[in-house]
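Asks: Each chain, letter by letter, is given below.
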Amino acid sequence: MHHKKLTIQNWPHGFFRSVLFILTLSSLGLLAVNADAQSNIAQPLAKDPALEARVMDIAKDLRCLVCQNETIAGSHADLAIDLRNQIQDQLEAGKSKNEIMQYMVDRYGDFILFKPPVKSSTLVLWLGPFLLLLLGMWTLWRFIKKQSKTKKVTVFSDQDLSQARAMLESKDYLKKDAE
Amino acid sequence: MKRLPLIIFAILVVFLVIGLKLKPKEIPSPFIGKPAPAFELSILSQTERFEPKSMLGRVWLLNVWASWCTSCREEHPLLIEFSKQKLVPIIGLNYKDKDPEAIKWLNDLGNPYDFSVVDAKGKVGIDYGVYGVPETFVIDKSGKIVHKHIGPLTPEALNKDILPLLKKLNS
Numbered sequence: 001m002h003h004k005k006l007t008i009q010n011w012p013h014g015f016f017r018s019v020l021f022i023l024t025l026s027s028l029g030l031l032a033v034n035a036d037a038q039s040n041i042a043q044p045l046a047k048d049p050a051l052e053a054r055v056m057d058i059a060k061d062l063r064c065l066v067c068q069n070e071t072i073a074g075s076h077a078d079l080a081i082d083l084r085n086q087i088q089d090q091l092e093a094g095k096s097k098n099e100i101m102q103y104m105v106d107r108y109g110d111f112i113l114f115k116p117p118v119k120s121s122t123l124v125l126w127l128g129p130f131l132l133l134l135l136g137m138w139t140l141w142r143f144i145k146k147q148s149k150t151k152k153v154t155v156f157s158d159q160d161l162s163q164a165r166a167m168l169e170s171k172d173y174l175k176k177d178a179e
Numbered sequence: 001m002k003r004l005p006l007i008i009f010a011i012l013v014v015f016l017v018i019g020l021k022l023k024p025k026e027i028p029s030p031f032i033g034k035p036a037p038a039f040e041l042s043i044l045s046q047t048e049r050f051e052p053k054s055m056l057g058r059v060w061l062l063n064v065w066a067s068w069c070t071s072c073r074e075e076h077p078l079l080i081e082f083s084k085q086k087l088v089p090i091i092g093l094n095y096k097d098k099d100p101e102a103i104k105w106l107n108d109l110g111n112p113y114d115f116s117v118v119d120a121k122g123k124v125g126i127d128y129g130v131y132g133v134p135e136t137f138v139i140d141k142s143g144k145i146v147h148k149h150i151g152p153l154t155p156e157a158l159n160k161d162i163l164p165l166l167k168k169l170n171s
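The listed protein sequences derive, respectively, from chains A and B. Under my numbering, the very last position in the first sequence is 179; numbers go up by exactly one each time. Under my numbering, the very last position in the second sequence is 171; numbers go up by exactly one each time.
For reference, chain A alone in the conformation it holds in the complex:
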C-alpha cells in the first residue's frame, strides 16, 4: 500500500496555534516552578505580624548567597537569618524598601537581587530568551516553507487507482463498516 505523505496541507488545522499554545504552556510551567521556589517561606522572626510581612516582602526579592537558589525569605541559612534581622532593624529605623535593597546591593552586588536590573551587562540575560525564541520560530518557518514547496500534490500510482476503483465497485468497504 502506498501511504499518503504527510505534508503541510494535511497537517491538522490550527497546527501553528497548537505549537504556540505548547510554547506558551511550557514557559508558564517554568514560571510556576520559579514561583513555587519563592513561596517556600521560613518561619517568622518578628513578633509584630505587620513588620514581619514587610520584612518578608523585601526578603523574598533577595537571594540567599549561601544557598543560591533560595531567597532570604525562604532560607534557613545563618546568613539569611542575619540579613532578615538586618532588614528588620532597618525597617524599624524607618528605611524604605528601596533604601534597604540599595544597602544590600552595595554590599553583595547585583547578584543578591532575584530580579537583576536591566543594564548593559545583563542585556543578554533579559533579551537572550526572546532572541532564541525568534530564532526558533524563524527556523521553524523556513523548515515549513521548504517542506511545503517540495511535494504539494500526492501522486497515486495506477495500481493504487485500480485498487481503489475495485474497492469502490465491490462495495467491500460498506460491509466492513457494518461489521
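Incorrect hints may appear among the rest.
[Said to hold, decoys possible] Pairs of lysine-lysine, DSSO-like flavour, derived with a Cα cap of 27 Å:
| # | chain 1 | residue 1 | chain 2 | residue 2 |
| --- | --- | --- | --- | --- |
| 1 | A | K95 | B | K121 |
| 2 | A | K119 | B | K34 |
| 3 | B | K34 | B | K98 |
Hints are computed from structural coordinates only; laboratory data are not their basis.
Since chain A is already given, all that's left is putting chain B on it; use the hints.
Replies: Coordinates of chain B only, in the frame set by chain A:
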C-alpha cells in the same frame, strides 16, 4: 543548512564548557576599588579596640575566620606559613564566634594574625558583604579594598594573585 544542527550542538558545547569553569559561589564583590567600610571592634583577648583607619598608609590583609568554620582549618596552615614571611599585617575578623572558642582555636592551631577583632554578631561581616567564611580582603595604603578572595586560601591563589598584588601595592 544540513550542518546546522551540528553547529548548534557545537555552540551549546562551548557554552556548557564555559559554564563548567564558572564558579557561581564566587560572587564578584562590589567593594573592589571602594574604601573598606569603617567599624570599631574590640580586639580578641585584649582591652583595646580597633578601627581600620588606624591602618592607613599600610597594605594589610583582613581575614574573616571562625572556630566553627571547617574551611578555615583548611587554609590555616597556609596562613601560618604566610604570616612567617611578615610581608604585611594580617588582621583576623573573628566572625560570629565565641571568644573562649576562638582563643582555644588559636592556641591549638597557632595564631597567624597580628590580632583578631571580635564581630560576635556578624554585623561587620554584613558590612563587608561576607557570605562564606573564610574570606580574605587585601586593603591598600589608602584604605581601599583591592582584592577579595572567597573561600579558603590556596597556594595557587596566594602565589598567583595575592603575593604579586602585595608586592605591587607595597612598591
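Asks: Hint by hint, note whether the structure agrees.
Replies: Results of checking the hints against the structure:
1. Taken as a hint, the K95 (chain A) and K121 (chain B) pair is honoured in the structure, with Cα atoms around 21 Å apart against an allowance of 27 Å.
2. Pair hint K119 (chain A) plus K34 (chain B) holds up; C-alpha atoms about 21 Å apart against a cutoff of 27 Å.
3. A hinted pair counts as satisfied when its Cα atoms are at most 27 Å apart, and K34 (chain B) with K98 (chain B) does not qualify at roughly 30 Å.
The structure does not agree with numbered hint 3 stated previously, though it agrees with all others.
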